[in-house]
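Asker: Protein chains in written order, with this note's numbering: chain R, 429 to 775; chain S, 429 to 775; chain W, 429 to 775; chain G, 429 to 775.
Honestly, the hints are just simulated from the structure, not real lab data. Incorrect hints may have been included.
[Unchecked claim] SDA-like mimics (lysine to any residue), calculated; alpha carbons at most 25 Å apart, straight line:
1) K534(S) to E487(S)
2) K592(S) to D731(W)
3) K468(G) to M705(W)
4) K468(S) to T686(R)
5) K468(W) to K592(G)
6) K616(R) to K592(R)
7) K468(W) to M705(G)
8) K468(W) to A729(G)
9) K469(S) to Q544(R)
10) K468(W) to D769(G)
11) K541(R) to D731(G)
12) K469(W) to L651(R)
13) K468(W) to R689(G)
14) K431(R) to R521(R)
15) K616(W) to L619(R)
16) K469(R) to P706(S)
17) K541(G) to M683(R)
18) K541(R) to P682(R)
19) K541(S) to E554(S)
20) K534(R) to A729(G)
21) K616(R) to Q544(R)
22) K469(G) to M618(S)
23) K592(G) to T732(R)
24) K469(S) to A709(R)
25) K616(G) to G708(R)
26) K616(R) to K616(W)
[Claimed, not checked] Listing some non-contacts, in silico: residues in chain G with all C-beta distances to chain S over 10 Å:
27) Y440
28) E499
29) D512
30) Y543
31) S610
32) R614
33) H622
34) E625
35) E628
36) A729
37) E764
Just so it is clear, CB atoms sit at the ideal spot from N, CA and C, and this is done for glycine as well.
Number of protein chains: 4
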Amino acid sequence: MTKVGIFGAAGYGGIEFIRLLLEHPEVEIVYLGGHTTAGKKITDLYPNLLGRIDMTIGESSVGALVNSGAEVLCSALPHKVGADIVAEALDNRLKVIDFSADFRLKDAAEYEKYYQPHPRPELLAEAVYGLPELHREEIISARLVAVPGCYPTGAILALAPAVKAGLIEPRGIIIDSKSGVSGAGRSKVMLAFHFPELNESMKAYSVAVHRHTPEMNQELSLLSNEPVEVTFTPHLIPVTRGILTTAYGRLRQPMTETEAREVYQQFYANEPFVQVMPAGAQPTTKQVNGSNNCHIGLVVAEDTGWLIATSAIDNLIKGLSGSGLQCLNLMSGYTETTALDRPALWP
Amino acid sequence: MTKVGIFGAAGYGGIEFIRLLLEHPEVEIVYLGGHTTAGKKITDLYPNLLGRIDMTIGESSVGALVNSGAEVLCSALPHKVGADIVAEALDNRLKVIDFSADFRLKDAAEYEKYYQPHPRPELLAEAVYGLPELHREEIISARLVAVPGCYPTGAILALAPAVKAGLIEPRGIIIDSKSGVSGAGRSKVMLAFHFPELNESMKAYSVAVHRHTPEMNQELSLLSNEPVEVTFTPHLIPVTRGILTTAYGRLRQPMTETEAREVYQQFYANEPFVQVMPAGAQPTTKQVNGSNNCHIGLVVAEDTGWLIATSAIDNLIKGLSGSGLQCLNLMSGYTETTALDRPALWP
Amino acid sequence: MTKVGIFGAAGYGGIEFIRLLLEHPEVEIVYLGGHTTAGKKITDLYPNLLGRIDMTIGESSVGALVNSGAEVLCSALPHKVGADIVAEALDNRLKVIDFSADFRLKDAAEYEKYYQPHPRPELLAEAVYGLPELHREEIISARLVAVPGCYPTGAILALAPAVKAGLIEPRGIIIDSKSGVSGAGRSKVMLAFHFPELNESMKAYSVAVHRHTPEMNQELSLLSNEPVEVTFTPHLIPVTRGILTTAYGRLRQPMTETEAREVYQQFYANEPFVQVMPAGAQPTTKQVNGSNNCHIGLVVAEDTGWLIATSAIDNLIKGLSGSGLQCLNLMSGYTETTALDRPALWP
Amino acid sequence: MTKVGIFGAAGYGGIEFIRLLLEHPEVEIVYLGGHTTAGKKITDLYPNLLGRIDMTIGESSVGALVNSGAEVLCSALPHKVGADIVAEALDNRLKVIDFSADFRLKDAAEYEKYYQPHPRPELLAEAVYGLPELHREEIISARLVAVPGCYPTGAILALAPAVKAGLIEPRGIIIDSKSGVSGAGRSKVMLAFHFPELNESMKAYSVAVHRHTPEMNQELSLLSNEPVEVTFTPHLIPVTRGILTTAYGRLRQPMTETEAREVYQQFYANEPFVQVMPAGAQPTTKQVNGSNNCHIGLVVAEDTGWLIATSAIDNLIKGLSGSGLQCLNLMSGYTETTALDRPALWP
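The task is simple: from the sequences and hints, build the whole structure.
Answerer: Encoded structure:
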């Protein structure tokens, strides 16, 4: 049995993590921390949990957390806000799974370019990028895991086999992602996400300048023997959950779709949460929503020389809390799929 | 361990039942039967199940079912189509949980009015109306359970405490329900449910003549000491899941909302899946979607003398497969909430 | 040619009014007034107007309005905020069309019950309730018109023929309305309207206590020879536009649906924007969205004695700006349908 | 006054064309032709037109058309079905605006690759590609105009200035489009477009093999001095209307976004329906839905060397019927913007 405390419990990432943990036979939630929500019952904020959990949110204080007996801190606090808290928790011998962007990048200068000066650069070397499909062994023995961003999870899983096998040019990769609105979080109640403004609409945003780009470059470069450079455009789509990523890489030399699919299937042969769709099939986000799955479609455009890989994930599960729970399972010695193997709802 | 076969497995009711059973530690799915879908792999029809189940759909034949070792038949075949099959399964000593309308009404004449001459009227007396909140004891010992319609589940649960306690007039009750589109099923691919026709639209249909009306009258009358008569208007709303029911009953004598709420809270005090919302709160369908919960809101309009009860359910779970699984658990001696206590996803 | 100024121009009501006026051959927009938006170009706030209008929003000041040469003020300011401004504009010999709740109720005490002490009760007697189907002659000669609320428009048009002809009991009327989210306006950027919270959800709100109730009672009572008393429940539905109202009245004496439909058809025989659907047909909100139309469905439940009338309107057009423009046309001597006779988009 | 007949009147393209023509002061609709819908009143199929048009659909027969006095045939019949009819209408001295794919491609072999052997290849040389922004002069004097596909309209307008000015490499262009569901038409009532299957989901389809690809290559090559080769991936998004296209071209030599925007603004300086968004702004589909506008966003990713152009159109208006009406206006000598200058609805 592992005792877990959650900071930032009242955001979409936190609440989804709570929901998943309620199914976990080996994990006990011992503390919920918030900020503006401190003092409220979690069910007052999330009536879907009525009758399933009866806890009041406290401050996001490491002292309180330690007193609760927590062995692991899962921090869904916003980037920068949580970095000192993470360090303090580590000092108190807790393991930490951090959902923010703070510990994903190895290069503090790169972090500073997209965010601000890094508050705790000394922890970057130790932090493990929490994508089990790429870093399983490191996660098992990690003290500090940084859960990947939602976009990088979809993009990296779509491209990893091709990059690793050197099928595509490392430069000139296009990543075009379409995201549901829950990725914006619950606290960002802005006009852009006001139902009448967004429903029946679509738009691109942060074109070629999105903060998740360096994560993609970092992780894909680790798989390649050359620096990988992607151009990333996210789009806002009027659905609640789901990211569909369409990734385009130029083939280094002509190959058939069958050959490329074989590379993908081997890469993911033993992965419990990644499925390569059969030839001719493309994944829908519906088929993964509510699950920790990532479904991948693959097309080789032989006439123009592009490999086109698509991936579908639930941005709040495989793109956030589910990957976090995969890490928690690995770090705690549980079966990696515990409380995560439920399929998506349909319809 | 209970071995279960499912006929009509490839409809929305069937597939949701499968999804729930995949979480059930004591139930094994041993047979899937279809009709037009026979011969297909279930994952070809429902890619959300990729990697979670690997079964091929057979014919909806009781012989094949018996050979599979099934002890319980869950039939999600359309009404009338399945009645003879249900009878044959009973003859083969299987227990049956039927999701169709065939065995819900006690009065064959009433059935004929809304459907057609009843194919197996001799089974009506024995069949139990599968709403555990009203018929738990009978379900435990039943051979044949008829799972309620989705609208009646929401309407009956909204009104049962008021009717039972005699708070409202048994005649003149208005039930105004708003349903998501999945209630139409997967096989009814019609213009009315074509995305561009339905999205951003709403409509009433079957006004005051819907087939689910007699179920409501039957069950509410059983709770009353007088015949109950409702007027029921369903509406189609552009969401996938969820039924919100707004029920209006005239108070027999003036009472406060606090008094009425007390009646409701006592009625549902021990029910694991029904929650009465606190004063001032109204349930959303989102807070129950993906769960087996029914959340109830209550208002007393003291100036005009109406009691207004609202209920929110997921039409495919509490309104169909979840209630079916509650019944299966009861009939099999398992804890009633097994594989059903997961809260709704949010958002 | 009529010169019009619009206060509250940057809300959904204001912008829809602008959009309609851009089609009007006899109206010139000479002034746009806002509050927090003063100083901004209207196209910066509403890029859909790019290339169609090039105006900057000023203060909502009557002095500036008079200087612009405006003959009519259309005020879409929030209730109470605009009452003094309306009075000042009248003092300056402008005609006023007010979209707020300030001048809809004849009884200042009733207004105070739902809003606050009325700032200008002396104007209530003169103000005309701007529903042309009921008050056309008064509107033609009015100085001050109060455009009805969106819910009352749908509810009153659904019930007016039945109430006027005495078909139904004046008490015990149930009005169950389902509204799109744009009714909440653009400035109310709240969690309840945050896309992920509202999409795929439905809920009742302000059950039996909504502010629009007294408008319904007032106008229906004027049509009856007895006080009419409705119980009104609005619901929030995840669509942008549209109100579907389902109204239930108890028949005073048995009648057929054909007889009732005849009453409705005669009542609306000469109305350009109201259509009674043929027997068996129910209106969808899609078929009126983007238009000034109100489509009405009618059912008589002979067995239970209820008349059930449904109405579909676009809440921002027939429920707000379109009715306002009908009034402007009438007050200015133009054909009532000018710039209003475009049908709804489909799909 | 021009007399127009419409074949395929009951599809989404036909009905939108009718709706637009109802606003046109110089066009009279004299005939509606259908196929399976012949004999029905148009308002029975489209209740949004109740009270606005009272016509019955006839056969799609040129004889009947000629008898009606039509001078122009607008054919929204499916590809191939209409080719002989188009030829027959031309033989009868009618002008023809064809909404199908039959006369868009100049190369019959290319047509055959994506469709079937061309039924009337002798007309291809004469047919004009009906995109006024590229072929205005030819359209004015054309007998036969082929309205572009919806995807090509968005893609070509997004890329035309860059291709024409030689800013980007003619090969290796990526076009990633996101479309609403109305593009599938009304007659394709399939499971893929069944509301519960599609709502809250997204998917790629026809990846790199879509039929609209050769149109893009043909028209962009005409603008370039080298053959242009695009790789096109369409996506299905759960909205009714709207296509958002994100187009990626590799810059031939480094340039700033300001320089590129200047090229775009000059290219579209005199176009009434194309707007280049200011720096930092991206178009939403909502801001063009219901209008004939195309709004274009532009980003230059200086570090990776890509020009990224986005375009938003209403697939049924600028992507189909609106472009058709632009052509009709040009062919008939009317102001090009007649009945087309209404802005999009908001919200």
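Asker: Against the structure, test the hints numbered earlier, and report the numbers of the ones violated in rising order.
Answerer: Numbers 1, 5, 6, 8, 9, 12, 18, 27, 31, 32, 33, 34, 35, in rising order.
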